[in-house]
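Chains A, B and C supply the protein sequences, listed in that same order.
Following the UniProt record's numbering, the residues of the first sequence are numbered contiguously, the last one being 245.
Following the UniProt record's numbering, the residues of the second sequence are numbered contiguously, the last one being 464.
Following the UniProt record's numbering, the residues of the third sequence are numbered contiguously, the last one being 209.
Be careful, since some hints might not be right.
[What the hints assert, rightly or not] Derived CB-CB ranges, DEER-like:
{"id": "1", "chain 1": "B", "residue 1": "384", "chain 2": "A", "residue 2": "157", "range": "38 to 44 angstroms"}
{"id": "2", "chain 1": "C", "residue 1": "53", "chain 2": "A", "residue 2": "143", "range": "31 to 37 angstroms"}
{"id": "3", "chain 1": "C", "residue 1": "23", "chain 2": "A", "residue 2": "53", "range": "39 to 45 angstroms"}
{"id": "4", "chain 1": "B", "residue 1": "81", "chain 2": "C", "residue 2": "57", "range": "43 to 49 angstroms"}
[What the hints assert, rightly or not] Mimicking EDC-like on lysine to aspartate or glutamate, the simulated pairs with C-alpha atoms at most 16 angstroms apart in a straight line are:
{"id": "5", "chain 1": "A", "residue 1": "120", "chain 2": "A", "residue 2": "60"}
{"id": "6", "chain 1": "A", "residue 1": "126", "chain 2": "A", "residue 2": "201"}
{"id": "7", "chain 1": "B", "residue 1": "246", "chain 2": "C", "residue 2": "92"}
{"id": "8", "chain 1": "A", "residue 1": "84", "chain 2": "A", "residue 2": "60"}
{"id": "9", "chain 1": "B", "residue 1": "248", "chain 2": "C", "residue 2": "155"}
{"id": "10", "chain 1": "B", "residue 1": "278", "chain 2": "C", "residue 2": "92"}
[What the hints assert, rightly or not] Some residues of chain B that are not near chain A, with every Cβ distance over 10 angstroms (derived):
{"id": "11", "residue": "278"}
{"id": "12", "residue": "342"}
{"id": "13", "residue": "362"}
{"id": "14", "residue": "446"}
Simulated from the structure, these hints should not be mistaken for laboratory data.
C-beta atoms are modelled at their ideal positions from N, C-alpha and C, and glycine is treated no differently.
Here is what each chain is made of, one letter per residue.
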Amino acid sequence: MTVGLFIPCYVNQFYPQAAIATLQLLQKLDVDVAYPPKQTCCGQPMANSGFEHLTKECNDLFVTNFARFDYIVAPSASCVLHVKEHLHSADDPAQAESIRSKTYELVEFLTDVLNVEDLKARFPHKVGIHQSCHGLRGLHLAQMSELNAPPFSKPVRLLNMVDGLELVSLDRPDDCCGFGGTFCIAEEAVSVKMGKDRVLDHQRNGAEYITSVDLSCLMHLEGILQRNKTGIKALHIAQILNSTH
Amino acid sequence: MEKTIKDHSALAEEFIRDEERVNWHDGALWWIRQKRDMAAKNIPEWEALREAASQIKNNVLSNLHDYLLEFEANATKNGITVHWAADAQEHNAIVYSILKEKGLNQLVKSKSMLTEECHLNEYLIERGVDVINSDLGEYIQQLDNEPPSHIVLPCIHKRKEEIGDIFHEHLGTEKGVSDPTTLTRFARRHLRNVFVTRRAALTGVNFAVAETGEYVVCTNEGNADMGAHLSEVQISSMGIEKIIPKKKHLGVFLRLLARSATGQPITIYSSHFKKPRKGQEMHLVLVDFGRSRQLGRPDFRSSLKCIRCGACMNTCPVYRKSGGLSYHNTISGPIGAILAPNLDMRKHADLPFASTLCGSCSNVCPVKINIHEQLYQWRQVIVQEGYAANTKVLGIKAMAWTLSSPASYARIGRAGRWVLNNIPFAVNNKFNLWYKQREMPGGPKESFGEWYAKNGPKEDEKQE
Amino acid sequence: MNTKERILAAVLANQPPASPLPNIDSFKGTDQDLISTYSDVFTTIGGSVFVVKSLAEVEGLIQETFDCTRRIITTLPELRDVSDRIELYSAEVMPHSFEDIELAVLEAELAVAENGAVWLTEQRMGQRIIPYICQHLAVVVPAERIVPTLHEAYEKIGVGDYGFGAFIGGPSKTADIEQALVLGAHGPISMTVFILESEASSTTSYPGE
Chain A
1 MTVGLFIPCY VNQFYPQAAI ATLQLLQKLD VDVAYPPKQT CCGQPMANSG FEHLTKECND
61 LFVTNFARFD YIVAPSASCV LHVKEHLHSA DDPAQAESIR SKTYELVEFL TDVLNVEDLK
121 ARFPHKVGIH QSCHGLRGLH LAQMSELNAP PFSKPVRLLN MVDGLELVSL DRPDDCCGFG
181 GTFCIAEEAV SVKMGKDRVL DHQRNGAEYI TSVDLSCLMH LEGILQRNKT GIKALHIAQI
241 LNSTH
Chain B
1 MEKTIKDHSA LAEEFIRDEE RVNWHDGALW WIRQKRDMAA KNIPEWEALR EAASQIKNNV
61 LSNLHDYLLE FEANATKNGI TVHWAADAQE HNAIVYSILK EKGLNQLVKS KSMLTEECHL
121 NEYLIERGVD VINSDLGEYI QQLDNEPPSH IVLPCIHKRK EEIGDIFHEH LGTEKGVSDP
181 TTLTRFARRH LRNVFVTRRA ALTGVNFAVA ETGEYVVCTN EGNADMGAHL SEVQISSMGI
241 EKIIPKKKHL GVFLRLLARS ATGQPITIYS SHFKKPRKGQ EMHLVLVDFG RSRQLGRPDF
301 RSSLKCIRCG ACMNTCPVYR KSGGLSYHNT ISGPIGAILA PNLDMRKHAD LPFASTLCGS
361 CSNVCPVKIN IHEQLYQWRQ VIVQEGYAAN TKVLGIKAMA WTLSSPASYA RIGRAGRWVL
421 NNIPFAVNNK FNLWYKQREM PGGPKESFGE WYAKNGPKED EKQE
Chain C
1 MNTKERILAA VLANQPPASP LPNIDSFKGT DQDLISTYSD VFTTIGGSVF VVKSLAEVEG
61 LIQETFDCTR RIITTLPELR DVSDRIELYS AEVMPHSFED IELAVLEAEL AVAENGAVWL
121 TEQRMGQRII PYICQHLAVV VPAERIVPTL HEAYEKIGVG DYGFGAFIGG PSKTADIEQA
181 LVLGAHGPIS MTVFILESEA SSTTSYPGE
């Protein structure tokens, strides 16, 4: 089994530590993982702004980079969902379809493909999970609070394997943080208010860390956490699952 | 954006300036969302009911032509006069002509979002007809000369002190009185007098049954009934999409409607109007007003399945933080944002972008409209049709060009983290909307790509 | 083409291919504990419930609960027989003439356990306005007419021979001012349901049922 590591553009530039943690975590689990260096972006920022028609080059590049792998794994639910829903190729539609079906967000890859039962990880802190909407309602990483359906949570299952980690429960388990791609600029006031309220929920419930399967949510929340000097830190789930301190 | 009216983002920013109000608004709507969750989770077959409702509505849309004719025939047989209106103007003219023919210049109205869409009140008032909205929330909004901000909770954005002031100014209640029970009792006495003196009443329609020619109006206050049963002329206005095939389907919809809307097991009143009372005239106006056009848009037609419960508004974090009036459209919130562009794409080009696409709206929708997917689709249409602002088009084109080439991406990324300048976090200055209330992400010494080139396996590089 | 023809032509041209109706016959409630389920739900809504054995008992409870110096109207002749303070409705007067009624006592055709609502046709209302214009509403429903859900209710109602019918599920209410619940918006301030247990079911017959 060979896995292609898909590191979204902003993770590559701003959060290399999360990407390194993802790589190391997969290697620890004996996965043959490689990072095709010529990758840029899945095209989501354009598509969500109404410019899906300008994403052809991004799509073609993605197909070229990742066609040869058995699985494609990324530490970003949002980018994975975009690939799963919108990756197309005029030249090779079958290839695009195959890539869509074998692209996984890290947590679902660990639980659904690797069936991880045990992690040698330690993280003795109080942690709140910020449910990324694309991870939750797009990839169904956990049960959605709106539905009358049995509860489950893939991130919780993994975090429960981490020694010393204490999950805090939140008042609103899956309210959106307000990042929303270009929304965070186009609707700055609403975006920040939503983010502040997510932060307050974690604060009220005693979280030392906010974790998530999406760094885009965390980048937004981190910006607010730091501006308001809360002392709470944002950390991608890969960094917790890979942690040994 | 070249706009004469303020867009959602500007109006939302104004609403958010009063943070205490926003917190209250957000909390009140979240509480309603929680009541909706409790009600839904009390019904084991809830998700199956939503699916059934969705399928019934799909059937309605696929057979609307015949159902409309069946409904009209049965309603006519029942003694109801059925009118057809292509648009708002025609609807308003029909209502006015009915009143004029009877020599009536006073009308009491219960809640009807359709007549709000048609701006019926303004039309009638210009022609000398005195119109009073009798739903308490709508009555308050009318006194304050504002449209409803929520289809179920028309004045949810107002604090009780403001409502007390409005009552004081317009109805002469004592200054400073803001207790909800006191104000409601006052409105009750005042509007009782309206009900018993009005000879014409207008209601909206929640469901119209093709099989029997009857229609159902749901209220909690009893205002639709107070108006209708005391009137000589009863007029009801409905969008053509409100038809359902069989009476038994009401069982599905009435089980879903109030639970989704407020968490109640059913609205207090579910009134089934079939025939006029002895000595009464009943008129029903079937209104198209863009619905047949929306029916022809495959990506968007399912928005016509909406039963106006407002659950998508209550759950929407953007709605909760920005208030319904920021949507500058009669139907606000997520469902409004997918209905409005059909009526006027230029005017409402901003609405599909007033969302994070979080998807909660689609999950609470009792008829399973894929609202967040339609928001995404409308964005594509609005851009393709040329309604996106020019600055945005240039920015996104530059972004697409950069990201399409690994070489340019790597070069620009190295030269100061291109992404920092472009998607969408600009440098730390006053033009940077990211930095206004958020710190910038820290700039690491090297990107993951650079790290991997040094630390990654060598053979992998050869392969590339 | 006139407006109707234009609308219908546009609808016909734009409607999607046929999509079948779902089978909804499997939606059913359970017949267990209907009286207690109904009572719990209706009480939660803000109504009052009494389980009674006879109309005489109803009359006694009315004397205790309501201001009997004011006007009380009923559609139940039996109740009229029990107490001469209670006035039998008239179908012939203007609906406005009921503006001053304190209490209306009606008999429901059905009650629904899952939501507390009772079903009244206009025959059972006397006049359409009566259950809305009264200050307080009382409804008698024989216990065997409580059904589990709206599905069973609509099955029993069928097409129905009425000009007007309604589910009424509690006192009129609003929460439009800051979500503060106020009972008695425009309609009744209170609603009381008397569940009449089997031995003494009402014998009143109504046209069209």
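Structure-based check of each hint:
no.	hint	result
1	384(B) <-> 157(A): 38 to 44 angstroms	holds, 42 angstroms
2	53(C) <-> 143(A): 31 to 37 angstroms	violated, 48 angstroms
3	23(C) <-> 53(A): 39 to 45 angstroms	holds, 42 angstroms
4	81(B) <-> 57(C): 43 to 49 angstroms	holds, 47 angstroms
5	120(A) <-> 60(A)	violated, 38 angstroms
6	126(A) <-> 201(A)	holds, 14 angstroms
7	246(B) <-> 92(C)	violated, 34 angstroms
8	84(A) <-> 60(A)	holds, 15 angstroms
9	248(B) <-> 155(C)	holds, 7 angstroms
10	278(B) <-> 92(C)	holds, 10 angstroms
11	278	holds, 46 angstroms
12	342	holds, 16 angstroms
13	362	violated, 8 angstroms
14	446	violated, 7 angstroms
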